[in-house]
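K.L.:
If you count the sequence shown from 1, position 306 lands on 306 in the UniProt record's numbering, and the numbers rise without skipping.
Derived by calculation from the structure, the hints in this document are not laboratory data.
Hints are supplied without guarantee of correctness; some may be wrong.
[What the hints assert, rightly or not] Calculated pairs, BS3-like style, for lysine-lysine (alpha carbon to alpha carbon, straight line, at most 30 Å):
(1) K396 x K329
(2) K287 x K125
(3) K298 x K396
(4) K126 x K396
(5) K357 x K343
(6) K526 x K298
(7) K287 x K298
(8) K286 x K329
(9) K286 x K333
(10) K526 x K409
(11) K526 x K396
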Amino acid sequence: MDGLSDDSPFISVVFVADWIDRGGFWLLVLPFAVFWYHVTHRRSDLVIIVICLAWNLRCSIISLCYELARSRLALGSVALTAIVSIGLQLFGYIWKWGHVDEPQRGTPSAYLIPCRVTHSREHPKKHSFSYSYLAVGIPVGYRGNVNGMISVDDLDVSTSWLSKIWRARSWFRVDAADYLERGNNKLGLRAKLDTYLRSQDANPVDYPHAFLITAPKFLGCQFNPVSFWYLYSPDWTLSAVVVEMNNIFGERRPYLVLRDTTDDATRITSNEGFQPTPIWVNASWKKDFHMSPFNSRKGSYSLLARDPFEGNMEGFSGIDISLNLVSSKDQPKLDVRLHSEDKALGTSHMGPLEQTKFVLTWFWVGFLTFPRMVRQAASLLFYQQLHIWYRPEPLKDSIGRLADTTEAKLELIFRQYLRYLVEQSTSPLSVTYVPSGLLESSEETFTSPGAAVHPEQRDYLKIEILTPVFYPRFVHYAHDFEAISCELAESCTIWADQPETLPKIFLKKQSPPLHVPSFMDYLYFKTIQRLRRRPARITRPMTSAGSVGPTTIPEDVRGFRISPMDALVLQYSIQETRASYRSPLARMFVADRASGGQKNRDREDSEHPRVEPYAYKRITATISTFF
């Protein structure tokens, strides 16, 4: 410490640096890691810190491992752990074999289907690739475990702690929660299929038999861009196919494709593989779902799918499906083919060795499907230089993405607020509310007091939320009717079958002065009142080649205190509800002002709905430590 006197102001800094250099920084690792995790709320950041520390101390860690390896006690512990693990795994196999369910006679078995997917892009530039793909085929309506390989809607999967720890129930899973509408998952695949058919004005009685081709879950992971529901008539004749598409944003769109029985379909794909048969579904329909960032939402699809049973339900002959995309100008753009690459394996009679061989051969396919798609997307973007079509908000017939934590909290309060408005209305109303983005939720109907007095004069209204982004946008408005009108006509985040009925619910007079329960509530809601401003309309360029002009947010010069929903929360809610409402609003409004406003956030949400801008996320996470 030459050059420093005892009274130097830098002497303490030098002492701290010397202490850290001698290894004393270990005492700071834990509190720093806890603080960082609390501020960022991201486990990945904490993992990165641990990896960097381990790399920086790799010499010490290697020495420690070497000392443990020389210890007989450590080696004995490792050997004992391995023996116990193998023994429990073998016992799990025995347990699994003793707790399986077989499909009923007269229904198809469950199959493991090794496949190959081929992509051929024709416009605007040619690009082709193919990759292996694992699908399963299951009879819709069956619930249980097939020989420990495939479990379908198995609600009893966790009855045994041993099965839960060692996953002894099945290797592959198909859960109703991953298909069709959200909610009602305990009813199973068959009930959800019947609900969807009724929504399409189809009678489920006409399709009593169904067979699902889909990508299963393996170790909880799944990448399933499309599933095919084969629908059969009472005499086991293929009559229709439900094509259920999923994009990377978590949105879904099922299409009901009917078979034209008056004119047998002919083969339009190559002659490789199976011979032509008259049992095909050949149909076209309009595209209205954003599936790929390299294609617009316009155009049409054409499907050519062969009956995997060929009229014989006792034998599975494999799958052969062609899905073609045509632009709005009738120009072929993309051809996708999914076909069996090897013989499908019935899981009912697979032995332990055959199961082990199959799992070791195909376990990696599901993990690599998404990286393969990312690699091809990078090639299209950087090498082929294709424009990116930004994600639009889903339409009415699509199923929106899952809501995040804030959106889920606001949905609950909005539901209570809508019920309150309907019950306070003087008009005879019956309002059906359909939420968006919730795993376990269903539509709910609210009725006003006048509907019971004058049922013949009752007005029926259905309000359907198309995307969870509606909930945080709604709380940005100070006036209800303005919020509903703008989100319905401009941003298209909500849909109503009778828009003329909306003023009877949301158009109301200004609330009287309220009593604030506590000083903390006063502080929060005063901050919310000061920072609240109307969100900008959700606008975006159609492709990455375009641009969005400057959007001006109109200044609200009307006099108001707080929004009507704020008033309801303050006046009638308990402390826990007020806290769950005011904290997210305060964080959002402060973060919006700090990160450039709601406009940038909505534009980013239109492209990546589950990923907020980096600055916005960091600011929100930091503010959460104070609110």
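K.L.:
If you check each hint against the structure, which ones fail?
P.N.:
As far as the earlier hints go, 4, 6 and 11 are violated by this structure, in ascending order.
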